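Student: Fit chain B to the supplied structure of chain A, relying on the hints for placement.
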Amino acid sequence: MEEALIQAKISPELGKVLGVQPQINSKAKSLTEAFLKNSIQNQDRHNLKAMLTHKAVVLGYARPKKSKRNSKKAKGLNARQKRAMKVFQIKPEDQRYQLFLPLHELWRQYITDLCGGLKPTCSPQFVQQKLLKADFHGAIITVVRSKCPSYVGTTGILVQEFKHVFKIITEEDKLKVIPKRNSVFAVEINGFVSHIYGNKFEQRASERSAKKFKVRGTIDL
Amino acid sequence: MSADLGRTPRSVLVSDRSSFRDEKNRLSSQVEQLHLSYKVSVLLPECSSAPAHLDTVFNSFNSFYLIRKLPVYELLDKHFLESAVYQGSVYGLSYRMRIDEDSCVALTPNGHLSLSLDKDAFELLGVEGKPSRFNHRTNCRYVVSVDLTDSSMAPGGRGYQRLLTGLRSRLQLKTDFLLSHHPGGGASLQALLSRYDWSEHRPEISSHTLTHLSCPSMQSCDPHSFLEWIGAVDADISCENSSNSFLSSLVCPEPNTTLSQALRVSVCGLLLPQDIHRLIQQIRCYLEQPRLASWVSLTVHGFADSPVSWGGNEHGVLRGGENFYSLLMFHDHTYHLHLATGAHDTCPP
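Going down the list, the sequences are from chains A and B. The opening residue of the first sequence carries number 1 in this note's numbering; numbering runs sequentially from there. The opening residue of the second sequence carries number 1 in this note's numbering; numbering runs sequentially from there.
The shape of chain A in the complex, shown without the other chains (with noise of 0.2 Å):
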């Protein structure tokens, strides 16, 4: 902003000219107040004093604009190129048990450090409600009860879960596809043994840990 003038000394020369004569800086100032004070309206409302002090007017908001930033989050594969490019298939050389021994030892860590430290007398709701938002990748699972008797009996360690089936790796290094759908599993750590309800149990596992379980329906398979 541009300062404009409001006082300046005149030049002796000037002074000269005019006929005047400068007065010392106190004086002319007192002489400014008061013709000042004859001239304007009295004011008593307003503090004009308080009012002519440099104080910061905020014209208009205006906020300093941050350069938008233009990077994408990456998007995830849609089901189409997930099942071209074959990215959740395990290739038949890696199909082997063995490989996947360390998932298990694993996912048994994880189950005790979720269940903070899984001793013999901790209660066994307490461990159910854990298992109920836990993830099962690496567990050892048995289908125990089944409606197609074929299934029953059949072991292995969880490799996939889906929202229908669970895909397993028996000792014999063969990849099952087991529906979820009217078999009952097995699941043991440490010595307690969960039975899961396939029935009711057909949430992708994602969603399974912010789902509520409620008790509807039977169990009967």
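Any given hint could be a false lead.
As the list claims (entries may be wrong) - Simulated DEER-style distance windows between Cβ atoms: (1) B:D197 x A:K147: 35 to 45 Å; (2) A:Q203 x B:K130: 31 to 41 Å; (3) B:G156 x A:K73: 57 to 67 Å.
FYI, nobody ran anything at the bench for these hints, they're computed from the structure. Please read all numbers here as calculations on a predicted model, not as lab measurements. Glycine included, every Cβ here is placed at the ideal spot set by N, Cα and C.
Tutor: What follows is chain B alone, placed relative to chain A:
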């Protein structure tokens, strides 16, 4: 006697008339096909005490064994299979297990093992089976039928292993078991018996003399009324229809005669078809001699709780579970044969 007909469960009656002398008679096949018989009752008219040769036959029925708490997988034991089942004359049935409540097991001489399981037991066992034919709307009963002499069930084979692990570790089925074998068959049950708590039993024989029995004339009697009359005699129900006995309104079919005396003998236990065949032959010899009466009636009842009936067909219990046949023999070597079953049964041969 005729209850509300709309609600009567159905029953099947097959009647056959033929002669022992006819080569084409199917009597032996029909008699042999009921493998597991429970009771034989014989009615000898105009007779006060059993003649000696019939008495010996009654007393020579084979004894049977009762094994307590036999785990069913023992029936698949390799040694038992070789020494008993493959020889072909072992008869076995689970004892005191109800066919509509619990699981029942039957072993027939042709090597078929039949398990009648309820839904939970079948889902635990994990062996191929079929839903029972007598399920109404929902499948609550399943039948697992296995041929132990088949090559797929040879010890060590996949089918055999699966059934064995199923019975041993998944579904631990333990029942009291009645076991019997025909002596001439060469089977030896001792190895199995020695491992468990067993007891030997002889068939129970009871005889009763009846006086002043009114009986219908056999040639003109229709099968239904004849069977009702025979049943009434066997169960000790009087057919007098006197006014002070309102419990039964059974009457003897007309036209009837009065017998001064009659002998009723019944034998109970796990009875073998061969013994019954021998009894029939002896009764034929008895009838050949000139007698007052010209007929003898023999009724053989099968087990109500057996999973198999004639020829390995499935058997169930709705209200009665009866499966029996009644043979009426005449002195001229003709016979009337009636085979009857209840609601949950297939047609007899």
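Student: Give a verdict on every hint.
Tutor: Here's how the hints hold up against the structure:
1. B:D197 x A:K147: 35 to 45 Å: Cβ of D197 of chain B to Cβ of K147 of chain A: about 37 Å, so the range 35 to 45 Å holds.
2. A:Q203 x B:K130: 31 to 41 Å: 34 Å, holds
3. B:G156 x A:K73: 57 to 67 Å: 60 Å, holds
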